[in-house]
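Sequences listed follow chains A and B, in order. If you count the first sequence from 1, position 247 lands on 247 in the UniProt record's numbering, and the numbers rise without skipping. If you count the second sequence from 1, position 126 lands on 126 in the UniProt record's numbering, and the numbers rise without skipping.
Honestly, the hints are just simulated from the structure, not real lab data. Hints should not be assumed to be uniformly reliable.
The list cannot tell twin chains apart, which means a pair is met if one copy fits it or any two copies do.
What the hints assert, rightly or not - Simulated crosslink set (DMTMM-like; lysine to aspartate or glutamate; CA at most 25 Å straight-line):
no.: 1; residue 1: K17; residue 2: D50
no.: 2; residue 1: K17; residue 2: D231
no.: 3; residue 1: K202; residue 2: E155
no.: 4; residue 1: K144; residue 2: D68
no.: 5; residue 1: K234; residue 2: D106
no.: 6; residue 1: K239; residue 2: D215
no.: 7; residue 1: K144; residue 2: D193
no.: 8; residue 1: K234; residue 2: E244
no.: 9; residue 1: K214; residue 2: E188
no.: 10; residue 1: K121; residue 2: D225
Values in this document were obtained by computation on a predicted structure and should not be read as measured data.
2 protein chains.
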Amino acid sequence: MDIVILGSGNVATHLGKALVHAGNNILQVWSRQGVNAEELAHRLNARSTDRLDQVDLNADVYIIAVVDDAISDLITQLKHIKGNLNGMLVHTSGSTSMDVFGGRFDKVGVFYPLQTFSKSKEVDFQAIPILLEVSNSSQLDLLKNLASSISNRVEVVTSAQRKSLHIAAVFACNYTNFLYAIAQQLLEEHDLDFGLIRPLIKETADKAQLHAPKDVQTGPAIRKDMSIVRDHIKFLEYKKDWQEIYKLLSEELIKISTQK
Amino acid sequence: MDIVILGSGNVATHLGKALVHAGNNILQVWSRQGVNAEELAHRLNARSTDRLDQVDLNADVYIIAVVDDAISDLITQLKHIKGNLNGMLVHTSGSTSMDVFGGRFDKVGVFYPLQTFSKSKEVDFQAIPILLEVSNSSQLDLLKNLASSISNRVEVVTSAQRKSLHIAAVFACNYTNFLYAIAQQLLEEHDLDFGLIRPLIKETADKAQLHAPKDVQTGPAIRKDMSIVRDHIKFLEYKKDWQEIYKLLSEELIKISTQK
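So here's chain A without its partners, still in its complex pose (with noise of 0.2 Å):
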């Protein structure tokens, strides 16, 4: 398919390399910042611009994948080029509305990866969920090709569906990853490694992949050993901010052990 992306950044990346890789065509890249576009172009053997008005009006598909809050901004921009776009317009972001799109454009939908992308990590995109929505099921053919071409997990899903998803990602990746800053941390103030705990986290993540996380939910909150606990919050009386977060997450492993 011919295909052209609208942003620059890490989402834009990694679902380019995977497209071309996949053997989709990439006609061109946009990005308000010109000299981003011109290099992701280059990795992706496409055109650049930095002028939506010399977006390339005959691709198959337009894949915004800039960060959530630019991309109402963007379609606004983009009613007001001159010329219709041909293709199907989809934005790829979890917490976005379908409504975004306005009545301009015939073909949109969402084209949603779930996944964590950073600039220094390859993934393995066949094992990346691709969760679709689009507004007239008589499309829906056509972005479950584009992303089947990536992804051995295409699914439809509503936009409550996705949401609840970006949800379920922000506990389970973003702010779990925090969890992990604040041990790092920790343990740095204490003139210890973090290497120490990293085979803990990967053992963690691991057993994630094999059972439901509340089946194997271990430490002292869920077993309401209160000495323990209350000797870490008191630890911990010197940083209010993780104090607090310890509070919080043992209080509510507390409720949920008396519940059982």
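Knowing the structure of chain A, use the given hints to seat chain B on it.
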């Protein structure tokens, strides 16, 4: 070395198996529940007892592997048995002080394997850090030898360091698993499979093996995408417990992103 294990839970089981595998001899397993002692003793080719006054007095090391709340009681009872334990008495707890041993025993220490153990999953003990503490440095060699027989990463730490490790492990393992559990329930309530975010969980933990978590933090809160954060909090209105956790963690991340 000749070892007596006091306890029959997950730590006792995994540690016992690793010690046998490394060529140590488990003399005896004690547990308050005789049937549990028997079962583990059978797997470790050891004798079993449910009576502390029948504990073998001639082991090199006695390993206490019971829940934290039960350690102090067990030690008090050990103080009242006839005869002296000839070997070294250690506990395996992250957050229990050396003071728990009181004055009766000459040779005491801590042998803390930093990992989460569950019945259903084998672990590679070689990769598990073992943190040691002794009251008298002349006893350190014995404990180091024992630890090195099963792990590649043996370190001597202070009580405060050991506690900070335990708290870091609570954040990075117990609380992380709790966030996974929230994600699972959230998905299931919206008719979605937890399998959809398993790749994300794996990727997040993999990233932490190579990077400092704070350097790879992603998500709406760290990029101050406030419309998404507010939208998620609104979505969680139906589940106040999760909403409160989402709020607190997003506030903390926003605070960090503002300090940068």
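Evaluated hints:
In the homo-oligomer, the alpha carbons of K17 and D50 lie at most 25 Å apart inside one protomer (20 Å), although the nearest pairing across protomers, at 63 Å, exceeds that limit. In this assembly of identical chains, the alpha carbons of K17 and D231 never lie at most 25 Å apart, being 50 Å within a copy and 31 Å across copies at closest. When the C-alpha separation of K202 and E155 is checked against a cutoff of 25 Å, the pair qualifies only between copies, where the shortest distance is 20 Å, while the shortest distance within a copy is 28 Å. In the homo-oligomer, the alpha carbons of K144 and D68 lie at most 25 Å apart inside one protomer (23 Å), although the nearest pairing across protomers, at 53 Å, exceeds that limit.
Neither within a single protomer nor between protomers do K234 and D106 lie at most 25 Å apart by alpha-carbon distance, with minima of 60 Å and 30 Å respectively. When the C-alpha separation of K239 and D215 is checked against a cutoff of 25 Å, the pair qualifies only between copies, where the shortest distance is 21 Å, while the shortest distance within a copy is 31 Å. Taking the shortest Cα distances, K144 and D193 sit within 25 Å of each other only across copies (19 Å), while inside one copy they are farther apart (46 Å). In the homo-oligomer, the alpha carbons of K234 and E244 lie at most 25 Å apart both inside one protomer (11 Å) and across protomers (22 Å), since each shortest distance falls under that limit.
For the identical chains of this complex, K214 and E188 are inter-copy neighbours only, at 13 Å across copies versus 30 Å inside a copy, given an alpha-carbon limit of 25 Å. Taking CA atoms no more than 25 Å apart as the test, K121 paired with D225 passes between copies only; the shortest distance there is 23 Å, against 39 Å inside one copy.
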